[in-house]
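Protein chains in written order, with UniProt numbering: chain P, 1 to 173; chain Z, 1 to 653.
It cannot be assumed that every hint is accurate.
[Claimed, not checked] Covered stretches of chain P, as calculated for chain Z (at least 3 residues, CB under 8 Å):
no. : stretch
1   : 26 to 35
2   : 136 to 146
[Unchecked claim] PhoX-like mimics (lysine-lysine), calculated; alpha carbons at most 25 Å apart, straight line:
no. : chain 1 : residue 1 : chain 2 : residue 2
3   : Z       : K145      : P       : K57
4   : P       : K15       : Z       : K160
5   : Z       : K152      : P       : K57
6   : P       : K57       : P       : K15
7   : P       : K116      : Z       : K160
8   : Z       : K152      : P       : K164
9   : Z       : K125      : P       : K116
10  : Z       : K262      : Z       : K239
11  : P       : K15       : Z       : K145
12  : P       : K41       : Z       : K160
13  : P       : K116      : Z       : K152
14  : Z       : K160      : P       : K73
For the record, the hints were derived by calculation from the structure and aren't laboratory data. Positions of the beta carbon are idealized from the N, C-alpha and C atoms, including for glycine.
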Amino acid sequence: MEGEEFAVGCFLSIKTTLGDEFEAQIISFDTLSNILVLKEKSGPRWNIRLLKANYIKEFSLLRQGEDPLDVNKCFLDLTSLQAREESALRQADADSERFGVGVTSEAQILFDALSKTLPVHWDKTVIVVMNDVRVSSPYLPESVSGGTPAANERVKKVLEFERKRMQTCGTSL
Amino acid sequence: MYVLISWNNDKIEEMNMQQVVLSKSSANGFGRRRGDREVGARLENKVLLGKSNQGRIQTTGSLAGGKTGGYESSSRDRLVYLTTCLIGHPVEVHVKSGSIYTGIFHATDAENDFGIILKMARLIKDGTLRGHKAITEFVSKAPSKMLIIPAKEFVQVIAKDVAVTRDGFASELQLEKHQEILIDSVISQSRHFEVERELEPWVPDEDDPRCPELENIFDGTWNRNWDQFETNQKLFGVKSTFNEELYTTKLERGPQTGELEKEATRIAREIEGEETGDLHLAEERGFDLHDNLDIDEEMRFSSVYRGRGADDSGYEEEEDIMLDSHNIETFGDSSDSLSRKSVDFTCSQSSDGVRMPSSSSLVDEVPSFQAAIGADANDSGFNDQARQPACELPSKSFSVSDSGASRIEDNLLAEHGGSSDANEFAEKQSPPENLQLSNSVAASGYFNMRAICNAESQSLLNDKIDGSDKAGPSANHTTQAPSNSLSKVSEKPSSSGELSEGPASSNVTGKKYSVNSRGRPGSSTSSNSDRVGSVSASSGPGLSPSSSMGSLSSEKSTLNPHAKEFKLNPNAKSFTPSQMPVRPPYYQTQVPPLPHTHMPVSFGPVLFNPQVAPIQSPQAYFHPNGPQYGQQMFLGQRQVYYQPEMQYKGRNY
Numbered sequence: 001m002e003g004e005e006f007a008v009g010c011f012l013s014i015k016t017t018l019g020d021e022f023e024a025q026i027i028s029f030d031t032l033s034n035i036l037v038l039k040e041k042s043g044p045r046w047n048i049r050l051l052k053a054n055y056i057k058e059f060s061l062l063r064q065g066e067d068p069l070d071v072n073k074c075f076l077d078l079t080s081l082q083a084r085e086e087s088a089l090r091q092a093d094a095d096s097e098r099f100g101v102g103v104t105s106e107a108q109i110l111f112d113a114l115s116k117t118l119p120v121h122w123d124k125t126v127i128v129v130m131n132d133v134r135v136s137s138p139y140l141p142e143s144v145s146g147g148t149p150a151a152n153e154r155v156k157k158v159l160e161f162e163r164k165r166m167q168t169c170g171t172s173l
Numbered sequence: 001m002y003v004l005i006s007w008n009n010d011k012i013e014e015m016n017m018q019q020v021v022l023s024k025s026s027a028n029g030f031g032r033r034r035g036d037r038e039v040g041a042r043l044e045n046k047v048l049l050g051k052s053n054q055g056r057i058q059t060t061g062s063l064a065g066g067k068t069g070g071y072e073s074s075s076r077d078r079l080v081y082l083t084t085c086l087i088g089h090p091v092e093v094h095v096k097s098g099s100i101y102t103g104i105f106h107a108t109d110a111e112n113d114f115g116i117i118l119k120m121a122r123l124i125k126d127g128t129l130r131g132h133k134a135i136t137e138f139v140s141k142a143p144s145k146m147l148i149i150p151a152k153e154f155v156q157v158i159a160k161d162v163a164v165t166r167d168g169f170a171s172e173l174q175l176e177k178h179q180e181i182l183i184d185s186v187i188s189q190s191r192h193f194e195v196e197r198e199l200e201p202w203v204p205d206e207d208d209p210r211c212p213e214l215e216n217i218f219d220g221t222w223n224r225n226w227d228q229f230e231t232n233q234k235l236f237g238v239k240s241t242f243n244e245e246l247y248t249t250k251l252e253r254g255p256q257t258g259e260l261e262k263e264a265t266r267i268a269r270e271i272e273g274e275e276t277g278d279l280h281l282a283e284e285r286g287f288d289l290h291d292n293l294d295i296d297e298e299m300r301f302s303s304v305y306r307g308r309g310a311d312d313s314g315y316e317e318e319e320d321i322m323l324d325s326h327n328i329e330t331f332g333d334s335s336d337s338l339s340r341k342s343v344d345f346t347c348s349q350s351s352d353g354v355r356m357p358s359s360s361s362l363v364d365e366v367p368s369f370q371a372a373i374g375a376d377a378n379d380s381g382f383n384d385q386a387r388q389p390a391c392e393l394p395s396k397s398f399s400v401s402d403s404g405a406s407r408i409e410d411n412l413l414a415e416h417g418g419s420s421d422a423n424e425f426a427e428k429q430s431p432p433e434n435l436q437l438s439n440s441v442a443a444s445g446y447f448n449m450r451a452i453c454n455a456e457s458q459s460l461l462n463d464k465i466d467g468s469d470k471a472g473p474s475a476n477h478t479t480q481a482p483s484n485s486l487s488k489v490s491e492k493p494s495s496s497g498e499l500s501e502g503p504a505s506s507n508v509t510g511k512k513y514s515v516n517s518r519g520r521p522g523s524s525t526s527s528n529s530d531r532v533g534s535v536s537a538s539s540g541p542g543l544s545p546s547s548s549m550g551s552l553s554s555e556k557s558t559l560n561p562h563a564k565e566f567k568l569n570p571n572a573k574s575f576t577p578s579q580m581p582v583r584p585p586y587y588q589t590q591v592p593p594l595p596h597t598h599m600p601v602s603f604g605p606v607l608f609n610p611q612v613a614p615i616q617s618p619q620a621y622f623h624p625n626g627p628q629y630g631q632q633m634f635l636g637q638r639q640v641y642y643q644p645e646m647q648y649k650g651r652n653y
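Taking the hints into account, I'd like the entire structure generated from these sequences.
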């Protein structure tokens with residue numbers, strides 16, 4: 001069913017069926033695919049959201065605005081896009097070492113915190129620090145084993161610190 | 001204008017998410033299929049798979065052919081354009097089930113309904129888990145190389161900080177450069193490289209674990225009551241053989257210690273409180289010389305000397321800029337007849353610290369000088385010297401002072417008894433040799449200027465000179481080469497720097513020899529222009545590699561066209577090193593300043609080329625307790641040697 005177009009440039013406040021709420025400006029709406037292209041930030045770089053219109057629970061028009069996309073400035077350099085993708089892939093490859101598989105997000109957070117100042121890597125679900133100290137589930141200070149006393153202490157300390165921080169600030173995914 | 005939303009009332013079909021690991025070829029197949037389709041010309045260009053399309057594509061509001069024209073097409077266009085902008089960008093895809101995937105946007109099916117392909121995708125939120133469980137119990141899974149999300153599954157795609165227009169692209173490139181090591185091909189292919197990256201001061205992350213006991217670890221190092229050797233012994237059972245006196249002058253502690261200490265601190269204070277024109281020294285001492293606003297961070301903290309106000313003259317060696325002030329302090333501004341071509345460079349380099357013994361003192365070393373020259377017969381030998389950091393200094397220093405310069409000349413000439421027209425020699429320099437020299441010199445390339453500046457290179461210089469003196473009767477041209485280099489070096493001061501030339505050493509002996517063993521140029525207070533001049537001059541060929549050499553390759557014009565041709569002195573004594581212990585490949589600057597200590601004699605070996613036939617029976621090149629020095633010889637532990645046969649490893653200009 002074809003409908004009229006969304007007016008480009010309008011600012012909407014939208015609630016999705018998944019519970020997301022946000023405000024954004026319309027860049028485009030493609031009726032065929034039913035995708036609404038939204039822009040959420042100002043400046044040279046945008047936060048873009050492609051939203052399937054059928055998941056919009058409700059929305060309201062905040063105000064009208066101008067077309068945010070200046071077609072005269074729209075250039076695509078495919079080479080650099082390719083390059084960017086390749087570099088992102090390289091980065092992701094390197095990063096993949098960082099993510100534990102089969103570990104809880106809490107464990108991942110602790111791993112990340114340790115990795116800021118210590119060389120760490122995953123060994124299945126065990127965090128290995130400096131190739132010596134091992135922290136296994138449930139990643140409490142008691143779960144720290146191995147290494148020289150000094151290193152062990154250090155890891156315990158960081159772990160405690162991080163857990164305290166997690167409690168006070170709360171973790172969010 | 002009003003807004004209408006067209007609701008898609010189609011039933012949302014259940015579709016299983018496909019988690020497929022596709023090989024690259026399949027991925028390409030996917031794209032190719034799309035590419036084969038008939039589309040409007042513009043759409044076709046917008047191949048979203050980063051594939052073969054090169055060059056820029058421009059999207060305008062209108063779309064030619066294919067779709068129905070008008071607004072609808074343009075909105076489609078925009079969608080296509082924006083999804084293209086996402087290629088290579090990290091995105092989050094929310095799917096029907098509530099799960100969230102994050103990955104690198106690879107492609108979308110723009111022909112159809114915009115299904116999404118992600119690379120290196122990870123599940124970061126599992127839609128099947130609810131509430132608090134979702135956070136604590138979520139267990140990570142391995143990332144998938146490629147993840148296809150059918151159009152019907154995805155709810156939304158979120159991408160942050162996407163560059164959409166040209167301005168965005170430019171800033172994005174900058175950001176990327178920040179983050180990744182750029183390989184050449186990336187740089188050459190990218191079109192936005194001219195922009196320099198914006199430097200930001202480092203701030204620690206907010207959630208950095210601060211371990212306060214680790215901060216300020218360097219405070220109060222003197223009174224920590226901690227003995228490193230003792231600790232080492234305890235922890236690891238390592239017995240230390242460290243003896244401070246091996247590395248510095250033995251302090252005589254006796255009844256006079258208090259007085260001596262007082263005197264020493266007084267002198268130290270005096271020196272440290274001296275005014276200086278050198279930026280670095282001033283900074284150390286707390287003076288503010290920054291009247292000239294051109295001084296940026298680099299000038300303040302870099303040790304690369306760029307010639308205050310003068311051009312680089314193609315010099316590429318690094319020099320310790322500290323020498324600068326010392327030279328000025330010691331010698332003032334020399335404005336003599338000396339060729340000043342590289343003077344701006346060399347002048348600042350004369351190190352006060354390096355008090356080269358007047359060539360007179362090197363009378364004995366004349367042979368060694370010959371040897372050095374002989375050694376220069378092979379490039380490696382020569383380069384060897386060239387590489388010695390100490391060498392550089394002399395060349396510079398002697399270019400600096402006028403008085404020094406003339407003395408240098410004399411000294412040089414004095415090195416070799418016999419030639420009466422030392423001056424003449426100094427003046428003339430055969431061009432072909434110069435060229436030859438410049439080649440070898442240029443080849444010597446890399447000069448460790450810094451080492452020279454800081455080192456008690458005097459002895460080194462001595463050695464050099466000695467070495468060069470020992471060139472021996474080897475082929476004229478070989479000896480010529482080094483001499484030429486020497487001349488070139490000494491060219492600054494206008495003398496050809498032919499060490500091997502000159503009247504008998506008698507002239508030289510007359511020169512006062514005072515070696516300021518203090519490596520730091522800062523010790524200039526006691527500097528003697530006397531010494532500088534002669535010493536630098538006598539620095540052997542190896543010294544020439546210093547700046548003057550560096551400029552050789554680029555500026556033949558600095559060669560002294562009037563330099564005298566090198567004439568071998570058949571009476572020159574051959575050089576013999578006193579010892580041949582193992583030495584490090586480069587002269588390190590850590591040689592501690594020894595008050596009035598002559599630098600290691602053993603420097604001689606550097607110049608010694610065993611291959612040179614005419615070298616006579618070894619004679620001690622340096623008399624450790626020679627009266628002419630009247631100083632304690634520093635033999636033993638702190639030797640600096642260059643292996644004569646060391647291959648040249650420096651840069652080739």
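Consistency of the hints with the structure:
{"no.": "1", "hint": "26 to 35", "verdict": "holds (count 9)"}
{"no.": "2", "hint": "136 to 146", "verdict": "violated (count 0)"}
{"no.": "3", "hint": "Z:K145 - P:K57", "verdict": "33 Å, violated"}
{"no.": "4", "hint": "P:K15 - Z:K160", "verdict": "19 Å, holds"}
{"no.": "5", "hint": "Z:K152 - P:K57", "verdict": "17 Å, holds"}
{"no.": "6", "hint": "P:K57 - P:K15", "verdict": "5 Å, holds"}
{"no.": "7", "hint": "P:K116 - Z:K160", "verdict": "24 Å, holds"}
{"no.": "8", "hint": "Z:K152 - P:K164", "verdict": "42 Å, violated"}
{"no.": "9", "hint": "Z:K125 - P:K116", "verdict": "24 Å, holds"}
{"no.": "10", "hint": "Z:K262 - Z:K239", "verdict": "35 Å, violated"}
{"no.": "11", "hint": "P:K15 - Z:K145", "verdict": "32 Å, violated"}
{"no.": "12", "hint": "P:K41 - Z:K160", "verdict": "9 Å, holds"}
{"no.": "13", "hint": "P:K116 - Z:K152", "verdict": "40 Å, violated"}
{"no.": "14", "hint": "Z:K160 - P:K73", "verdict": "20 Å, holds"}
Of the numbered hints listed earlier, those contradicted by the structure are 2, 3, 8, 10, 11 and 13.
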